[in-house]
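From first to last, the protein sequence lines stand for chains A and B. The first sequence begins at 1 in our numbering and counts up by one. The second sequence begins at 1001 in our numbering and counts up by one.
Among the hints, a few may not be true.
[As the list claims (entries may be wrong)] The following label-pair restraints were derived from C-beta to C-beta distances: (1) A:E72 <-> B:A1129: 55 to 63 Å; (2) A:E72 <-> B:G1052: 41 to 49 Å; (3) A:G32 <-> B:G1094: 28 to 36 Å; (4) B:T1203 <-> A:G74: 57 to 65 Å; (5) A:N35 <-> B:V1109: 22 to 30 Å; (6) B:V1109 <-> A:P63: 21 to 29 Å; (7) B:E1213 <-> A:L14: 33 to 41 Å; (8) A:D67 <-> B:G1094: 13 to 21 Å; (9) B:D1026 <-> A:A27: 52 to 60 Å; (10) B:G1052 <-> A:V33: 31 to 39 Å; (11) B:D1153 <-> A:E22: 24 to 32 Å; (12) B:A1114 <-> A:D73: 51 to 59 Å.
[As the list claims (entries may be wrong)] If you want the footprint, here are the derived chain B segments under chain A, 3+ residues with CB under 8 Å: (13) 1046-1059; (14) 1101-1107.
[Said to hold, decoys possible] Okay, the calculated bits of chain A under chain B, using three or more residues with CB under 8 Å as the criterion: (15) 9-22; (16) 52-65.
These aren't lab readings, by the way, just hints derived from the structure by calculation. Where a beta carbon is used, it is the ideal one built from N, C-alpha and C, also for glycine.
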Amino acid sequence: MRARILVRPKEGILDPQGLAVERALPALGFTGVDNVHIGRLIELEVADPSRLPEMCERLLSNPLIEDYEIIEDGK
Amino acid sequence: MKFGIVRFPGSCDEIDALQAAERVGDAVLLWHADHDLRGVDAVIVPGGFSYGDYLRAGAIARFAPVMDQVAQFARDGGLVLGICNGFQVLCEAGLLPGALLTNVSLKFVFRQVALDVAVADTAFTGACALGERISIPVKHTTGRFYAPDAELDRLEHAGQVLLRYAPGNNPNGSVRDIAGVCNQERNVFGLMPHPEHAVDALTGSTDGLKIFESMRASVERPGLLSGASSPAS
Chain A
1 MRARILVRPK EGILDPQGLA VERALPALGF TGVDNVHIGR LIELEVADPS RLPEMCERLL
61 SNPLIEDYEI IEDGK
Chain B
1001 MKFGIVRFPG SCDEIDALQA AERVGDAVLL WHADHDLRGV DAVIVPGGFS YGDYLRAGAI
1061 ARFAPVMDQV AQFARDGGLV LGICNGFQVL CEAGLLPGAL LTNVSLKFVF RQVALDVAVA
1121 DTAFTGACAL GERISIPVKH TTGRFYAPDA ELDRLEHAGQ VLLRYAPGNN PNGSVRDIAG
1181 VCNQERNVFG LMPHPEHAVD ALTGSTDGLK IFESMRASVE RPGLLSGASS PAS
């Protein structure tokens, strides 16, 4: 099973990367963009997808500072 | 008194840490794949980029074989000091509260900072006076300490915030100017500034020695300080 895991900074935690991009876009003429946040995409193949949440909690994300979302391909 | 300094692939400050520790006692290097701590009295997890800091700073290093031993040593009351990347490793390993995030500036900072000693009756700050201002360099990109507000209140109340950046000296946007925190039992301490780079007048300050001297005093005179204990032998 192929899966994608999206890891995002938790809401309310300052995300300076997102802010920097948000400020850079208007410089190129792209106005009207707000709430930019930058996270991480992890793609993997997994034999037992039921173990994905545990993988996310213990290694792929740091639950103190990040949220994760698991997207299983074909679902 | 023997310090053990853990070297991971990607560590870069282990020799400075070794030489700083040698100014107050004996010191040996430990390798990330080691399965024993060679009888050391205190462990230092040094700065650098362990395992390339892949995924998150410190995230992979915590699974190194030697870290199982370090965690057990900490549970037995042994002194563990994490400096910079070592602080990140100890947070990822759950031995210290909080996490380190990218600096608000997004930039690498490398400069001398003034720190205020917020708690002095510990195994890591015992050689300092309460409120003493010390000068130690920082050099990092991922040093913004973070913990949720309720956790910060708890840490401050419990006296676990040992060092703060002096007003105007916060180099990374750390919450509440926190530069270094310890665990509840006060035998594991992590800080972003580099005491091992401030041990010789040649480089401007010897204040960093106080951290190592505090550890030596705690090991050689156990029971001297409240909350600090010597490692189980």
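Any hints this thing doesn't respect? Which numbers, in order? 2, 3
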